[in-house]
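Taken in order, these protein sequences are the chains called A and B. Each residue of the first sequence is one higher than the one before, counting from 1 in UniProt numbering. Each residue of the second sequence is one higher than the one before, counting from 1 in UniProt numbering.
Read the hints as simulated data drawn from the structure, not as lab findings. By construction, the Cβ of each residue, glycine as well, lies at the ideal position given by its N, Cα and C atoms. The reader is advised that the hints may include incorrect statements.
[Claimed, not checked] Only part of the chain B face toward chain A is listed, based on derived beta-carbon distances under 8 angstroms:
hint	residue
1	S170
2	H171
3	S315
4	D684
5	K812
6	L819
7	A820
8	S832
9	R835
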Amino acid sequence: MRPRRMRNGSLLPSSSLLATTDFTPCAFAMLHGAPHTVYMNDRERKRGPDDALNQLFDRLVGDEDRAAAGAGKPVEAIGAEAAQAYISSMGANIENVEAFVVLEIVRADSIGQITRQGFVEGWSSIYLDHRIPADQAHHRNYVRMCIQNLPQNPAYFKKVYQFAFGLGKEPAQKALEKDVALVFWDLFLGTESSDTGLGPRPWKSKNVDWLGAWKRFLAEKWTRSVNKDMWNQTLAFAEKTMVDETLGFWNEDQAWPGVIDDFVLWCREQGIAKAPAPGAAGGEEMDVEDY
Amino acid sequence: MASRTNKIRPIRKPITNRDQSEFEPCWALLRDAMTDIHLQNAGRLSFEQLYRASYKIVLRKKGALLYERVRDFEQEWFRDHIMPNIAALITKNLINISLLQHPGSSSHERREMGEKFLRGIRDSWTDHNRSMNMIADVLMYLDRVYTLETKQPSLFAVTIGLFRNNVLRSHIGAAAEDIEQDFVVFDILCAVILDLINMERDGDIINRNLVRKITAMLESLYETDDEIENHRLYLTLFEPRYLEASTEFYRKECEKLVQEANCSTWLRHAQRRLNEERERCGTTLSIMTTDKIASVVEKELIEAKLDVFLAMEGSGLKPMIDNDRLDDLSILYQLISRVDSTKSALKVILQRRVRELGLEIEKALKNTDFSVAGAATGDGEEAGEAAEKAKPQTLNPAQQQTAAAIKWVDDVLQLKDKFDRILSDCFCDDLLLQSAITRSFSDFINSFNRSSEYVSLFIDDNLKRGIKTKTEAEVDAVLDKAIVLLRYLTDRDMFERYYQKHLAKRLLHRKSEIHTEKEMVSRMKSEMGNHFTSKFEGMFKDMELSKDLTDNYRDHIASLGDADYKTVDLNINVLTTNNWPPEVMGGGTSKGEGAKPDCFYPPEIKRLQESFYKYYLKDRSGRVLTWVSSAGNADIKCVFPKVPGKETGPLSKERRYELNVSTYGMIVLMLFNDLVDGESLSFDEIQAKTNIPAPELMRTLTSLSSVPKCRVLLKEPATKNVKNTDKFSYNAQFVSKAIRIKAPVISSISKVEGDEERKETERKNDQTRAHVIDAAVVRIMKQRKLLAHTKLVNEVISQLMGRFKPDVPLIKKRIEDLLAREYLERVEGDSSTYRYLA
């Protein structure tokens, strides 16, 4: 079974991710020995580290996966057990958002499965972009660096967050089950009130536990699944609330999904956010036109 | 002359000295003459002599001296001869009355005194003016040469100006020692004039000519001897005081009017004042003031308390509109146009009133409904009212609603006529007001949630009745009115839906003239465009094709020569699914019913259907025909044999009738053909044999067994309502005076929907709108590729304006839906902009 390609194309941490950390690409190259990268022959240059990566993947394959593939056939994907083992071996916590970091790198399209293609392509492009050699130790380092980066780099955080949507939904469906979405939100945006504890980017501001409010609102008013737009826009909205907890940036004529409009009104009803005084309304994004 | 002067100048120089002595005699001559002129004794004077004297003096370069002497002479003259007269005029009394406004003097007294004073001033001015003119003539050479060369004011200007300096600006001395303020004569003059004018405003008659003389004097005097045009005393001194005093006067008057008068009086008063003031400027003051005083009146008398007057109960704008006080409205319009080009005060109240009256129509409708319901119950049900309460309530609301719809439309049209009349008769067809009124009409019409339906019903009713009672011209007028209302509707898609439904019934039941129908639709077409009427036109076309089809099929059958007496004459309407409303097409009016199973036709009909279908497919292979049993009707020839045992009366003979019934009715009646006399069929049996939906069957049986004029079936028990357990049998005793009988179709009245139905219609309409919005969004995005949220919303609104007024939340919802369906995506980094995904 061929893994589905993600719409968004590359899911690599962007170069800005590296620029904001101590691990600049340059530092990396020096740290891990230039010869490997400098003296590649043409073939190697073209194919990159694919052979090594294939070998790495082979080592992950468990008995069940082999059985699932059928005798004598190459194993194209590993199942939940092997995938979990791999994630742990990369130093990532299988219980929380760190697992998403690894899964994002290997381009998984569901939580319980890593495909050969995704694994090879994912690591291979990291190799090409950042010259991370194809071995377990360097991969571990890279994963650790990404995990550290997650709370600090909003762009990278957003990428992993958006990637998680594809991981969480059933392949045949277009939207995320509400329950799954709630768990995911806890993992990414968890605050003190979340069962899973603080996420990498807790959705709260000085006076408001926004995630808690959001979950209460959804429990009261929302019975449907969470589509991609709602998933993505929730993060965008979350970012804004963390800057302006009065919700002054919001305006009903803007392009927020209806559920977020309803949430804002609900918050005002509940007294969570006071409606700004008339005239004072409007954040930096006010582009209301008269119709 | 000049050249000669130049030549001889050196020679003359010594002469000038010698001529020094010549000045005095010349001056003496002139001085005497001036005295004579002042004393009006000029008849004996020789102009030539005097002119020569001044000429000589000027020639001798004594111009300056002469100039001075003349001025001094005049000043002296003033002092000695004129001022005493003036001083005599200024009595203490005058000062008290005019300047200090001491109370206790009657206006008559004041007028007498004031006019006396003015006459005095006028007389001395007239004298002075005449004298100065004559003197200026005599000394013309001085002005021509000396004054011009030295660039001084002309002698006339100087001497005439003396009047200003000596009279008008002279201080009031002895007569008023107890006044602290320093008054000059002009102050008195001005006060007197203003007082006179106010007297005239209060209805006294004053000497207008006298006042006019004085103002003319002020017009011809200037601030300085340079005589600068804008510095006429009239403009610099008098006019400002006049305007100020008038402002005061009108402010007071307006306050008084607010207290004491009503709006109508005020309007007329203000109009009269405007005319008076204009006239006064012509007769009494100066036309230079016309516009200025008009604006004072406008500001103080009209604008200041405009809102108060307009809001006056009983006489304000509202009662004016309500009672069609066209005169008042005309004046009001003229006055308001003077003070405010946007006429906003008028506009706001007008709009509010239109809306209020519109809502009143709606309210009246609600109130009338009940009384109509009562009346209808009385009319429709002669017997057994109390027994069956549920029945009239289910039947009558439809008729009431039709009546309500007609009433609503009539009322709205009447209101429209009323405002049209006001607009054309009183408001000069003012465009601003016209559009304001139109907007208000549109507001209240669209806020009424049944307007679309009612307009369609109105047309329905008129086109139906049109055949019998109305002339072509009348029908024409009705169509025009319908179009007028149609223009106001914003939810035209709703109207389209209703109209389609009503039109379908009219066409199928042949209740209207086809050419009138076409006329109506073509008007709609020119008003709202092709897309709006395409379905209606499709319906017409179906009807025409069906007629041909029917004829051809009949010919076809005839040509077969198989003259079977059982042949049923078929009149068929083949309807194209998309053009006709789903209700008519048997789609079922209530949701969730799905495709109704077809009823069981009698074999004769079955054969006919097959025969026709075969014929139909000859030229049109591949088409499917579905028989809509709920929409057809049938003529049945029935034979009621002689009732045994009856020898007299109608029952003693065989009776033949032609019965027109619905298709269902026909199917039911056919069942009784096979029944032995005396046997009956239960409701359930009939249903099992025909498969007609229960509610329809119930209605059909009611029509055939309960309505006296076509009671061809007997019901057991003989109650009014049909129940599942009832039994029906053939009514052998049926008698009717008419040969052709039309069985009434119970509750198939096209009429107004019930609440349930309406919700259903609205739901369907909302669904359609959702699709229309989707299509619009996709169309726009396909063209633009990238577009910001607000712009997209605006564009959708402007595209759909002609069909309905989309609501913003709905548009937003549709955009969200398109995002979820991946027709659109948000642009990375700017989540309020969308990209079209091909």
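How the hints compare with the structure:
1. S170: violated (63 angstroms)
2. H171: violated (60 angstroms)
3. S315: Check failed: Cβ of S315(B) comes no nearer than 38 angstroms to chain A, outside 8 angstroms.
4. D684: With Cβ-Cβ at 43 angstroms, over 8 angstroms, it is violated.
5. K812: holds (6 angstroms)
6. L819: Where the cut-off is 8 angstroms and the nearest Cβ of chain A is about 4 angstroms from L819(B), the hint holds.
7. A820: holds (4 angstroms)
8. S832: holds (4 angstroms)
9. R835: Violated. Min distance 12 angstroms.
The structure does not agree with the numbered hints 1, 2, 3, 4 and 9 stated previously, though it agrees with the rest.
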